Amino acid sequence: MKMSGELLPWLMNAMDWAGTFAFALSGGLLGVKKGFDLFGVLFLSFVVAVVGGIMRDVLIGAVPPAAVTELHYFFIAIIAGLITFYWYSRVVSHQRQILLLDALGLALFAVLGAQKAIEHGINPLMAAIMGMLTGIGGGMTRDVLAGDIPFVLKADLYALAALAAGAIVAVGNVEKVPPSCSMLLGAGVCLFLRLMAIYRRWRAPIAQPGKHEDT
Amino acid sequence: MKMSGELLPWLMNAMDWAGTFAFALSGGLLGVKKGFDLFGVLFLSFVVAVVGGIMRDVLIGAVPPAAVTELHYFFIAIIAGLITFYWYSRVVSHQRQILLLDALGLALFAVLGAQKAIEHGINPLMAAIMGMLTGIGGGMTRDVLAGDIPFVLKADLYALAALAAGAIVAVGNVEKVPPSCSMLLGAGVCLFLRLMAIYRRWRAPIAQPGKHEDT
Amino acid sequence: MKMSGELLPWLMNAMDWAGTFAFALSGGLLGVKKGFDLFGVLFLSFVVAVVGGIMRDVLIGAVPPAAVTELHYFFIAIIAGLITFYWYSRVVSHQRQILLLDALGLALFAVLGAQKAIEHGINPLMAAIMGMLTGIGGGMTRDVLAGDIPFVLKADLYALAALAAGAIVAVGNVEKVPPSCSMLLGAGVCLFLRLMAIYRRWRAPIAQPGKHEDT
Chain G
1 MKMSGELLPW
11 LMNAMDWAGT
21 FAFALSGGLL
31 GVKKGFDLFG
41 VLFLSFVVAV
51 VGGIMRDVLI
61 GAVPPAAVTE
71 LHYFFIAIIA
81 GLITFYWYSR
91 VVSHQRQILL
101 LDALGLALFA
111 VLGAQKAIEH
121 GINPLMAAIM
131 GMLTGIGGGM
141 TRDVLAGDIP
151 FVLKADLYAL
161 AALAAGAIVA
171 VGNVEKVPPS
181 CSMLLGAGVC
191 LFLRLMAIYR
201 RWRAPIAQPG
211 KHEDT
Chain H
1001 MKMSGELLPW
1011 LMNAMDWAGT
1021 FAFALSGGLL
1031 GVKKGFDLFG
1041 VLFLSFVVAV
1051 VGGIMRDVLI
1061 GAVPPAAVTE
1071 LHYFFIAIIA
1081 GLITFYWYSR
1091 VVSHQRQILL
1101 LDALGLALFA
1111 VLGAQKAIEH
1121 GINPLMAAIM
1131 GMLTGIGGGM
1141 TRDVLAGDIP
1151 FVLKADLYAL
1161 AALAAGAIVA
1171 VGNVEKVPPS
1181 CSMLLGAGVC
1191 LFLRLMAIYR
1201 RWRAPIAQPG
1211 KHEDT
Chain W
2001 MKMSGELLPW
2011 LMNAMDWAGT
2021 FAFALSGGLL
2031 GVKKGFDLFG
2041 VLFLSFVVAV
2051 VGGIMRDVLI
2061 GAVPPAAVTE
2071 LHYFFIAIIA
2081 GLITFYWYSR
2091 VVSHQRQILL
2101 LDALGLALFA
2111 VLGAQKAIEH
2121 GINPLMAAIM
2131 GMLTGIGGGM
2141 TRDVLAGDIP
2151 FVLKADLYAL
2161 AALAAGAIVA
2171 VGNVEKVPPS
2181 CSMLLGAGVC
2191 LFLRLMAIYR
2201 RWRAPIAQPG
2211 KHEDT
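Protein chains in written order, with this note's numbering: chain G, 1 to 215; chain H, 1001 to 1215; chain W, 2001 to 2215.
If you're looking for bench data, these hints aren't it; they were derived computationally from the structure.
Computed from a prediction, not measured in an experiment: that's the story for all the values here.
Among the hints, erroneous ones may be present.
Claimed, not checked - Some chain G residues flagged as far from chain W (calculated, every beta-carbon gap over 10 Å):
id	residue
1	Ala14
2	Gln97
3	Pro179
4	Leu191
5	Ile198
6	Gln208
As the list claims (entries may be wrong) - From chain H, some residues computed to sit far from chain G (all C-beta separations above 12 Å):
id	residue
7	Glu1006
8	Ala1018
9	Thr1069
10	Ile1079
11	Ser1093
12	Leu1099
13	Leu1101
14	Ile1136
15	Phe1151
16	Lys1154
17	Leu1163
18	Glu1175
19	Pro1178
20	Leu1185
21	Gly1188
22	Met1196
Claimed, not checked - Using 20 Å as the maximum straight-line C-alpha spacing, the simulated EDC-like pairs for lysine to aspartate or glutamate come out as follows:
id	chain 1	residue 1	chain 2	residue 2
23	W	Lys2034	G	Glu6
24	G	Lys33	H	Asp1148
25	W	Lys2034	W	Asp2148
Glycine included, C-beta positions come from ideal geometry on N, C-alpha and C.
Model the full assembly from the supplied sequences, consistent with the hints where possible.
Structural data, given as structure tokens:
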């Protein structure tokens, strides 16, 4: 299989759409579960799809953010929100597949986010963090708006996988590796970590304040 | 009644002040209810009055935001906060009137927000959303800071009314209607929807996960 | 003791490092208490250390924010987070000392934040508020992410002390006092107010909705 000039952009677009869709579904699902109205569900779908990228763009000075100038995020998010609202139980029954699409989206958002930060002159360390933020910002905001503690702070290597992807892109840039190579590698590592978290229950160490609580 | 060049700006200023005041009262009321100290109550008043506009300005690249360069929002918010703090029960007894002022503010903020986004070169779809965000951003942040789920996600056509106002301004711009006309129409529709929500209990459809919950 | 050109910058750097460290410890402590994983604890440490400054920089148009271009905040935050994660009970046992370092950080962040806003052409009133925001923004975000109501809204003269510092810098600017003088005075007042809050339990008046609740 030749990873040629035609295939790579096509693949990245497909991952972008699939990932955005999965992100938006996760927002819609939480909105329905919390008893939001139709508007609230659509809003939460949209938030997950775009807020990570918006945070990155505001921080690197790329204003107005891509999510404001490009419209496909909006339409994908609305479609995902409507599907969740009207076919909730059917969407819930595909939660495993959604997790896999979501991992694709996370991988792509993280590498693209880090690359964009580098192109805007951000230093490699912060570019890696900008990649992570692109991947997790939407989900964090979703959880805060729904009254939950962001799950990325507690579980599943989610943010760590995104950070790994961003870090690989940043290191690749320092070492003058072609961006497409480091982005593919970064996305692959992110995907691998998420799959291990989903199927093998890999976890970061959890704080155990109870064990030595002495307040 | 002639909606002349003198009357329209005067009316809009009056709506702006009244709306800002009502927004700030809603922040102060929640702050008092949650047992905040005087500072927290004033802070929450200020947040509701300015955060929607700040979000819009940061996203469309109009930095520093109007809320930072124009001071009347600050003074109105502080006055509203002080009134709520020291005369809480009297303010609570006027909750219906506050809701009506709030609807005025929502209508005005939404149309002004959409118009400002258009003037900064934002596409019509996102300009409509920027109008909505101007109207609801402060209230959403108020609820998150007070530990509640933003009520605009759950009820009362609140965000939908603001979105309708923004959309009418955006469509008016595409169709080359004079801004003052589409802004008046947009504000009127927003006000109408809010009044129907308040007096006739119009609602957007609510998600009912319980009905087909199968997780 | 001569407060000369060499001593002042050295002192401010020391306060900056100590304050950032204390801020980050407060994030790490809350993360451990809430059962976050290692990543979440580090993330929360980083958030407290940088988000106040990021909010200020985004609002005054100083993008990318200093927290993105300067790396020492990141490393101090990570070290503080690791220490909290692995030596939680020992860190908890120094909570009083952490509060004092935190007061130092608050004082410095507030005066530096106000001064930076002034240098970016922000009016004195909003510059004072930007100083306050620099000091309290990180802690507020910490509490929201951890699912708590921001404690600065409820207690301890925390935000008020930061606002006093910012206001003194702003007034000093209007009155053409040398910045280093007004910054020293502002930091001193902030520190004094925090010490009074910690040792003498000074408080702002608290809202008492229950006393005259009539809803």
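Go through the numbered hints given earlier and state which of them the structure violates, listing their numbers in rising order.
6, 14, 15, 16, 17, 23
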